[in-house]
Amino acid sequence: MSKASIISLVNDLSLGLADPNLIDDYFYDIIHDLGDREVLLDATLTPVDPTSTTHPVYPIPETAVKLFGVFYGERYLARATLLEVEAFAGINWRDIRGEPFAFVVESENERYFRLFPNPQEPTDALVFPTGVPFGLDYPRNAMAVVASMIRDDIPEWLELPITMEIMGREFARESDHKDNEFAQICKAAAQLFFGMMGVAAAT
Amino acid sequence: LLVVFPAKDHDSSVDVRSVKLTDMFADETATVEIPAPDINMLLDLGEFFLSLKGRKLQRAAELLKYIAQETQEAVRLDEDRDINPRSPTAQGQPAT
Numbered sequence: 001m002s003k004a005s006i007i008s009l010v011n012d013l014s015l016g017l018a019d020p021n022l023i024d025d026y027f028y029d030i031i032h033d034l035g036d037r038e039v040l041l042d043a044t045l046t047p048v049d050p051t052s053t054t055h056p057v058y059p060i061p062e063t064a065v066k067l068f069g070v071f072y073g074e075r076y077l078a079r080a081t082l083l084e085v086e087a088f089a090g091i092n093w094r095d096i097r098g099e100p101f102a103f104v105v106e107s108e109n110e111r112y113f114r115l116f117p118n119p120q121e122p123t124d125a126l127v128f129p130t131g132v133p134f135g136l137d138y139p140r141n142a143m144a145v146v147a148s149m150i151r152d153d154i155p156e157w158l159e160l161p162i163t164m165e166i167m168g169r170e171f172a173r174e175s176d177h178k179d180n181e182f183a184q185i186c187k188a189a190a191q192l193f194f195g196m197m198g199v200a201a202a203t
Numbered sequence: 001l002l003v004v005f006p007a008k009d010h011d012s013s014v015d016v017r018s019v020k021l022t023d024m025f026a027d028e029t030a031t032v033e034i035p036a037p038d039i040n041m042l043l044d045l046g047e048f049f050l051s052l053k054g055r056k057l058q059r060a061a062e063l064l065k066y067i068a069q070e071t072q073e074a075v076r077l078d079e080d081r082d083i084n085p086r087s088p089t090a091q092g093q094p095a096t
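Listed in order, the protein sequences are those of chains A and B. If you're matching positions, the first sequence starts at 1 in this note's numbering and goes up one per residue. If you're matching positions, the second sequence starts at 1 in this note's numbering and goes up one per residue.
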């Protein structure tokens with residue numbers, strides 16, 4: 001319930017002046033900005049079925065901001081550009097099969113990636129008898145996608161810097177409660193608190 | 001009202017982070033054990049938020065500067081301990 005804590009704190013420190021709808025927008029803008037950094041990461045277990053299509057592609061999770069890495073089995077895959085993989089294996093690289101050692105996002109705007117080479121065997125069933133999907137139960141030939149995510153349940157140590165950043169944005173905008181000096185102090189506090197947590201400022 | 005209690009000693013297993021302050025301000029009341037070396041900074045942090053809420057902006061800006069300086073000093077002391085474990089600060093003596 002971190003987002004609720006932040007909204008409560010913003011309302012308290014702003015003496016109820018902050019616009020509730022904009023607090024929500026600022027919150028998600030800041031979470032999105034943090035997506036460029038390795039702060040709010042999730043690992044998603046994704047099955048691979050190379051037999052379902054000739055040139056399989058795999059989606060980046062819907063709520064992901066940025067793809068940071070991909071594991072296949074026990075291997076952390078290298079990120080390769082289209083040019084690199086074409087230089088390495090030729091223009092028919094998508095047809096090559098084997099044990100993947102790289103993943104390729106063909107263009108920045110695309111929400112999917114390919115494995116290189118294409119795996120030959122599908123992932124074992126995603127069943128977790130001991131309840132440890134990333135441990136003992138990690139399925140054979142499974143892929144884990146590591147990406148920054150948009151989410152409400154942020155770590156508690158990010159609540160304070162995000163609160164101050166929201167305050168800075170809210171009091172810097174044109175409104176009946178605009179206060180540049182107050183906004184600057186809030187922004188400076190946000191930068192300081194983000195820095196204390198080892199995170200570069202969100203702006 | 002912000003009341004800060006010193007911890008028993010420097011090595012008390014207390015995790016002092018913004019979460020404690022966040023909880024404190026969200027829930028109005030909280031009891032937190034704080035290591036003695038962190039008291040000044042936390043008092044400044046507490047006064048900073050009270051000043052901010054009370055719109056005493058000049059005081060809030062001053063406190064933010066102090067907090068930044070205290071943070072830098074804490075980082076410097078940590079680095080000093082890492083680099084030179086036999087330094088006075090690494091052995092629990094105050095920096096001179």
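Do not take every clue at face value.
[As the list claims (entries may be wrong)] Derived lysine-lysine pairs resembling DSSO-like cross-links, with alpha carbons at most 30 Å apart:
hint	chain 1	residue 1	chain 2	residue 2
1	B	Lys65	B	Lys53
2	A	Lys66	B	Lys65
3	B	Lys56	A	Lys66
4	B	Lys56	A	Lys3
[Stated by the list, open to error] Computed far set for chain B versus chain A, every beta-carbon distance over 12 Å:
hint	residue
5	Ile39
6	Gly54
7	Glu79
8	Asp80
9	Ile83
It is worth saying that the hints were derived from the structure and are not from the lab. Just so you know, these numbers come straight off a predicted model, no measurement behind them. Virtual Cβ for every residue (Gly too), placed ideally from N, Cα, C.
For each hint, the structure was consulted:
1. Lys65(B) with Lys53(B): Since the Cα atoms of Lys65(B) and Lys53(B) sit roughly 17 Å apart, the hinted pair holds (cutoff 30 Å).
2. Lys66(A) with Lys65(B): Since the Cα atoms of Lys66(A) and Lys65(B) sit roughly 34 Å apart, the hinted pair is violated (cutoff 30 Å).
3. Lys56(B) with Lys66(A): 40 Å, violated
4. Lys56(B) with Lys3(A): 27 Å, holds
5. Ile39: 17 Å, holds
6. Gly54: 10 Å, violated
7. Glu79: 14 Å, holds
8. Asp80: 18 Å, holds
9. Ile83: Ile83(B) is indeed farther than 12 Å from all Cβ atoms of chain A, at 19 Å.
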